[in-house]
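Quick note: the sequence shown uses my numbering, first residue 1, plus one each step.
Honestly, the hints are just simulated from the structure, not real lab data. Just so it is clear, CB atoms sit at the ideal spot from N, CA and C, and this is done for glycine as well. Be careful, since some hints might not be right.
[What the hints assert, rightly or not] Derived lysine to aspartate or glutamate pairs resembling DMTMM-like cross-links, with alpha carbons at most 20 Å apart:
{"id": "1", "residue 1": "Lys39", "residue 2": "Glu104"}
{"id": "2", "residue 1": "Lys39", "residue 2": "Glu97"}
{"id": "3", "residue 1": "Lys39", "residue 2": "Glu59"}
{"id": "4", "residue 1": "Lys39", "residue 2": "Glu80"}
[As the list claims (entries may be wrong)] For each label pair, taking beta carbons as the anchor points, the in silico distance ranges come out as:
{"id": "5", "residue 1": "Asp76", "residue 2": "Glu44", "range": "29 to 35 Å"}
{"id": "6", "residue 1": "Glu44", "residue 2": "Glu77", "range": "32 to 38 Å"}
{"id": "7", "residue 1": "Arg96", "residue 2": "Asn72", "range": "19 to 25 Å"}
{"id": "8", "residue 1": "Asn69", "residue 2": "Gly99", "range": "26 to 32 Å"}
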Amino acid sequence: METKYTEIENNLNSILAECFREKFYSEGVEELRTLLSNKVRYFECWESIVRCVSGRQLEVGRALALVHNSANLPLDENTEEEAYRWLVLMVLNASREPGSGIYEY
């Protein structure tokens, strides 16, 4: 049986891969905003993802692994702390209305 934690991580993994892999950050944010505003796919689990990221509830090393492997994004400092900063900014940007400004990383 899959735990709630694993389900949240799997959904976050899918979001990062679908919306951010091989895309510019702003394109990924807009794609995620559209998915969320249309209540498509990730809408129901979004609140759980937000709580997980803002509460830093991933296992040690998972935030960095998700940003590297799922979103395929290099980080300047290459640390867990920086990965969480990136994820928190992604959550903040994605939670805004489609078409509104994007805070760049």
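Hints versus structure:
| no. | hint | verdict |
| --- | --- | --- |
| 1 | Lys39 / Glu104 | 24 Å, violated |
| 2 | Lys39 / Glu97 | 13 Å, holds |
| 3 | Lys39 / Glu59 | 28 Å, violated |
| 4 | Lys39 / Glu80 | 30 Å, violated |
| 5 | Asp76 / Glu44: 29 to 35 Å | 34 Å, holds |
| 6 | Glu44 / Glu77: 32 to 38 Å | 33 Å, holds |
| 7 | Arg96 / Asn72: 19 to 25 Å | 23 Å, holds |
| 8 | Asn69 / Gly99: 26 to 32 Å | 30 Å, holds |
The structure fails to meet hints 1, 3 and 4 from the earlier list, while all remaining hints are met.
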